[in-house]
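*Asks:* Read off the chains here:
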Amino acid sequence: MTERAWQVNGRPLRVRFDDGARLVDVLRAQGLTGTKEGCGEGECGACSVLVDGTLVVSCLALAAAQPDGARILTVEGLEDDPVGARIIDAFEDLHAVQCGYCTPGMLMAARALLGRDPHPDRAQVALAMSGNICRCTGYAAIVDAVLVAAGGEGG
Amino acid sequence: MKVLTPRRLDEALEMKAERPDAVWAAGTTDLLPRWNGGAPRPAMVVSLASIGDLAGIEARGDRIRIGALATHADIASHLVVRERLACLADAARSVGAPAIRNMGTLGGNLANASPAADMPPALLALDAEVHLASRRGERGVPVSGFFVSYGRVDLEPDELIVAVSACLPRPRAVTWFRKLGTRRAQSIAKLSVAGHAEAGDLLAHVRLAAGAVAPVPLRLRRTEEIVEGRANGHETRALAAGTAEREVTPIDDVRSSAGYRRAMVGVLVARFLESLDAGRV
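Line by line, the protein sequences are chains P and X. Residue numbers for the first sequence follow the numbering used here, so the first one is 263 and each next one is one higher. Residue numbers for the second sequence follow the numbering used here, so the first one is 353 and each next one is one higher.
No wet-lab data here; the hints were simulated from the structure. One thing to keep in mind: the hints can contain errors.
[Said to hold, decoys possible] Covered stretches of chain X, going by a simulated chain P footprint (3 or more residues, C-beta under 8 Å):
id	segment
1	372-386
2	439-450
3	467-478
4	526-540
5	617-627
[To be verified] Here are some of the chain X residues that sit facing chain P, going by a computed Cβ distance under 10 Å:
id	residue
6	397
7	456
8	487
Computed from a prediction, not measured in an experiment: that's the story for all the values here. We put the CB at the ideal spot given by N, CA and C, even for glycine.
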């Protein structure tokens, strides 16, 4: 077993897990079930979270490789974050959610993008979301919503 | 499965020397899909994630040294790489998607030993060297000698890839990388080609390499030799394309066919040579 003390969504969280556990499983076992597992191969992006501000797919991350003190942001913490809240609002306003399964990952990829580039253009948004698959194929509204959250074109 | 998380390189090398059956883990973007897919997990894993000093990229004089734990995102965004090593920046940008580039490392891309990996052709075109460390000391291996056979690299059980280094191309030189896949993101290459040459009246210092067209990432040495010193015209390009097509040994698989791969190696080699002309004013 491995023990870690992380900052998850701004709050300290002590976790204990099997050495080989994946980050997605450890987070979900803590009740943070907003993070979805889609493909389990890093292809679909549904399990995306931010670790120390960097977008990762939690199905391909070993929980043990995240050191004590790692700052993890999941979709549950997004509302408390000003940029995250804007992204959520834009997804609601533009109906950028269909079945919703990809939405947490989409929101996290958008948050990672706006964290490093507050005013991306459409091509930059598409590139930043290129690892996130929406099986309802609602991409146009999703990209629009990220642009609106960034205060630019779209809508 | 037990996971060890050393903080220093010497600790990591000690652990691996004592347990040569342990598996190194870096970004785990290749290991976890394998394990998630049901492949047997090793009894012990040495995770390198906490060894920060293996992730640096250092350009000094005419050489660049890239730590094995530098991610593809680190490499693609590094100023010197973007300005002087276009082939490497473009190869790094073509890996997976943003999250995969944030996780996957250069050392992992090499150690995974896939003939379809994106970084090796670019490194081959740069005559790069792989630096290996173990408790016994360090050694360097040219990238061209590192890929031994399908899925196998020149790495002893107690050794770790610690860095890759290369000479910065001369100011007149152009480096180039193209990958063909089903879409731009999240594709494993159908094939890829990297090129490096000095633009001038005659082709000089030509380096060509290709991925996913042989059991290992392949230097196209015969094609290099045949075009070196020639004027870069239509005839030379046709000769280069034809030679490259005969030099590769592609297979049919789920991603592409041998015929397509063979034909496209020729096309991409010719396009690289054309790009040299386009760069001249």
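*Asks:* A separate judgement is required for each hint: does it hold in the structure or not?
*Replies:* Verification of the supplied hints:
no.: 1; hint: 372-386; verdict: holds (count 6)
no.: 2; hint: 439-450; verdict: holds (count 3)
no.: 3; hint: 467-478; verdict: violated (count 0)
no.: 4; hint: 526-540; verdict: holds (count 3)
no.: 5; hint: 617-627; verdict: violated (count 0)
no.: 6; hint: 397; verdict: holds, 7 Å
no.: 7; hint: 456; verdict: holds, 9 Å
no.: 8; hint: 487; verdict: violated, 23 Å
When the structure is compared with the earlier hints, violations turn up for hints 3, 5, 8 and for no others.
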